[in-house]
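Chemist: Take a look at the letters that make up each chain.
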Amino acid sequence: MATPLKDLLRGKPVFVNVGVRDFADALREAGYDVVHVDWSPPAGGDAEMAALLDDLI
Amino acid sequence: MKATMIKLTVVRKNRYFDSVFLMQVARRISGEPGISDASALLATPANKKVLADLGYGKGAEDKDFADAGPNDLLIALEGEEAAVRTVASDPEAWLQRPASASPGTGAGAGAGAKAGAEAGSAREPKSIRAATEVRPDSTVAVISVPGQHAAREARAALERGLDVFLFSSNVSVEDELALKDAARDQGLIVMGPDCGTAYLCGAGIGFANAVRRGPIGIVASSGTGMQELSCLIHAAGSGISHGIGTGSRDLSDAIGGISTLTAVDALEADPATKVIVILSKPPGRRATGSLMERLAKCAKPVILCLLGAAAVSAAGSAVGPAPGPAGGVITTSLIDDAVEAALREAGHPGFAKSQRSADTLTAMAAAEVSKMRPGQRFVRGLFAGGTFCYQSQAIFNRAGLVVHSNSPLAGMKELADPTASVESSFVDMGAEVFVEGRPHPMIDATLRRRRLEEEGKDAAVAVILLDFILGAISSRDPVGDLVGTVRAVQEMAARRGDHLCFVASVCGTDHDAQGLAAQNDALTDAGVFVFPSNAQAAAFCREIALLLAARKEKP
Chain V
1 MATPLKDLLR GKPVFVNVGV RDFADALREA GYDVVHVDWS PPAGGDAEMA
51 ALLDDLI
Chain L
1001 MKATMIKLTV VRKNRYFDSV FLMQVARRIS GEPGISDASA LLATPANKKV
1051 LADLGYGKGA EDKDFADAGP NDLLIALEGE EAAVRTVASD PEAWLQRPAS
1101 ASPGTGAGAG AGAKAGAEAG SAREPKSIRA ATEVRPDSTV AVISVPGQHA
1151 AREARAALER GLDVFLFSSN VSVEDELALK DAARDQGLIV MGPDCGTAYL
1201 CGAGIGFANA VRRGPIGIVA SSGTGMQELS CLIHAAGSGI SHGIGTGSRD
1251 LSDAIGGIST LTAVDALEAD PATKVIVILS KPPGRRATGS LMERLAKCAK
1301 PVILCLLGAA AVSAAGSAVG PAPGPAGGVI TTSLIDDAVE AALREAGHPG
1351 FAKSQRSADT LTAMAAAEVS KMRPGQRFVR GLFAGGTFCY QSQAIFNRAG
1401 LVVHSNSPLA GMKELADPTA SVESSFVDMG AEVFVEGRPH PMIDATLRRR
1451 RLEEEGKDAA VAVILLDFIL GAISSRDPVG DLVGTVRAVQ EMAARRGDHL
1501 CFVASVCGTD HDAQGLAAQN DALTDAGVFV FPSNAQAAAF CREIALLLAA
1551 RKEKP
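Residue numbers (our numbering), protein chains in the order written: chain V, 1 to 57; chain L, 1001 to 1555.
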């Protein structure tokens, strides 16, 4: 379910971090819950192929 | 006997690490005895070109270099042969995350204190979709994957109902517009792309300072601009409710201010926000229209800070409203003025701006100029924050002074070669040309330190203007990274009989891990003139530049 920005500003955010792990570490150190995604480039790093797969799914 | 110097590349197939981690790996390797330069990068075409231009990948042992692709990790090493070969023989040893870096609290803390970069992976979800299954109450996605993959991840986040903080750059305008349209349809926001900083309900995201919460809400297209605003508000004893980044292009006509308008709606509805500050470069004409129409209806006081607006107006190509009152909106063109107006509207008494009067500044400048030799004529600004480079130009422009820059404001001159200053030059050291395959200067001062050494060799230089940015993700000691070079350059100038003036501002708070007072003191001890804001530091340099120009004109 979507959390519109207006509602987001009323509570404590819960984060999903994709990419730079230091961002997750900094938020955790500040006391926030973060799920870090162990991300790797999709479809062998081919962004166009990934977009095609997205369209198929 | 002198050691043989070599360049060598090592390729690890199908290994992805995030860019900041790789920056840290490169720094650690660079610190090894005998290593003079090290890079750790994904083997994208752009990164390979940078390394090839530096002379890497050409030897018989670099056979994997040509075939390496964006999924592969590339380590490039230069230095004494024995040292280079030692690192190259066991690259995995350098790819382990230091144990202390991940304290890990809360759910999903798979990268806990003991977990290395590898060990944490097995327990962490592999996609945003999977992450939201682990924590169905997730609300914000923080995305910093390489630009070519960023839109895909942002789409996935929006589909799961998450608001998006999009740190990644190099996202196309078309993708940005599509993402922001999709977000708006659900009442969500995309902060970015190229969003450096945000504060949501007290949580600092990205390059963020430890600032007090309070009544002032910020909407900013610039990360360092957001940091400066919030730190000055904090220094005055007030605080911020939320800081919402929008991305540098949001108020262009192509995007139309979608995220800015969503942010204004949210802050207007937010009971904790009493005053709203909007910071941007001057918007496009159409975006200006819709923004001003919305702001005129805003139930809360709004301060619209359009950096460089007056300067652009003076150049005869103004877009956006001129500084001054416009309807119920107060417009300014400097961050300090926006802070002052916001504090006033919030009913807060103090602001540190008037520590030094204009007369005092001029007298201080005159005292400095009196010690300079006639050949010393130029100002050099080396900035970690792009907004500080931009604002400093605006301050010089307004006084009729022209500088060269790699990121020139209207009316200024383009610096043809960003790596070499000409006359008075303001250089954005965070520009793509300096950070491609390199750490950002807020994290790693290596390139700025080298550039400072070069500026110090130029006997025509009178003043050097610097900025230092504290906070999360930034270097643990931004001033310490450079102050030794500042002293060395001062001594070098003194040996040739020059008086070289150093001016700086430090963006940070007393609550930041680096400590604002300690950073300021380290600069003051080195004889640097330290100001609480970039605008004030640039204004002092402007006074010196005006006096130097007047001295030149005297018969």
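Where hints are given, some of them may not hold.
Unchecked claim - Derived DSS-like pairs (lysine-lysine); straight-line CA-CA distance at most 25 Å: (1) L:LYS1058 x L:LYS1002; (2) L:LYS1126 x L:LYS1063; (3) L:LYS1274 x V:LYS6; (4) L:LYS1297 x L:LYS1274; (5) L:LYS1274 x V:LYS12; (6) L:LYS1413 x L:LYS1371; (7) L:LYS1300 x V:LYS12; (8) L:LYS1457 x L:LYS1297; (9) L:LYS1371 x L:LYS1274; (10) L:LYS1013 x L:LYS1058; (11) L:LYS1013 x L:LYS1049; (12) V:LYS6 x L:LYS1297; (13) L:LYS1457 x L:LYS1552; (14) L:LYS1300 x V:LYS6; (15) L:LYS1049 x L:LYS1007.
Simulated from the structure, these hints should not be mistaken for laboratory data.
Chemist: Taking the hints in turn, state whether each one holds.
Modeler: Hints and how they fare:
1. Among the hinted pairs, LYS1058 of chain L with LYS1002 of chain L is consistent with the structure: their alpha-carbon atoms are about 23 Å apart, no more than 25 Å.
2. A C-alpha spacing of about 32 Å is found between LYS1126 of chain L and LYS1063 of chain L, which places the hinted pair above 25 Å, so the restraint is violated.
3. Taking the CA atoms of LYS1274 of chain L and LYS6 of chain V, the gap is about 15 Å. The hint holds against a cut of 25 Å.
4. For the suggested pair LYS1297 of chain L and LYS1274 of chain L, the alpha carbons sit about 15 Å apart, so the restraint of at most 25 Å is met.
5. A hinted pair counts as satisfied when its Cα atoms are at most 25 Å apart, and LYS1274 of chain L with LYS12 of chain V qualifies at roughly 20 Å.
6. Straight-line distance between C-alpha atoms of LYS1413 of chain L and LYS1371 of chain L comes to about 29 Å, which puts the hinted pair past the 25 Å bound.
7. Proposed proximity of LYS1300 of chain L and LYS12 of chain V is supported: the alpha carbons are some 24 Å apart, at most 25 Å.
8. Of the pairs offered as hints, the one joining LYS1457 of chain L and LYS1297 of chain L is violated, with about 55 Å between alpha carbons and a cut-off of 25 Å exceeded.
9. Distance hint between LYS1371 of chain L and LYS1274 of chain L is unfulfilled; the C-alpha atoms sit about 48 Å from each other, more than 25 Å.
10. Between LYS1013 of chain L and LYS1058 of chain L the alpha-carbon distance is near 19 Å, which keeps this suggested pair within the 25 Å criterion.
11. The straight-line distance between the Cα atoms of LYS1013 of chain L and LYS1049 of chain L is roughly 18 Å, inside the 25 Å bound, and the hint therefore holds.
12. In summary, the hint linking LYS6 of chain V to LYS1297 of chain L is supported, as the alpha carbons are separated by about 18 Å, within the 25 Å threshold.
13. Proximity of LYS1457 of chain L to LYS1552 of chain L is assessed by CA-CA distance (about 22 Å); at most 25 Å being required, the pair is judged to hold.
14. Distance check on the hinted pair: LYS1300 of chain L and LYS6 of chain V sit about 16 Å apart at the alpha-carbon level, within 25 Å; holds.
15. For the hint linking LYS1049 of chain L to LYS1007 of chain L, the alpha-carbon distance of about 15 Å falls within 25 Å, and the restraint holds.
In terms of the numbered hints stated before, the structure departs from hints 2, 6, 8, 9, listed from lowest to highest.
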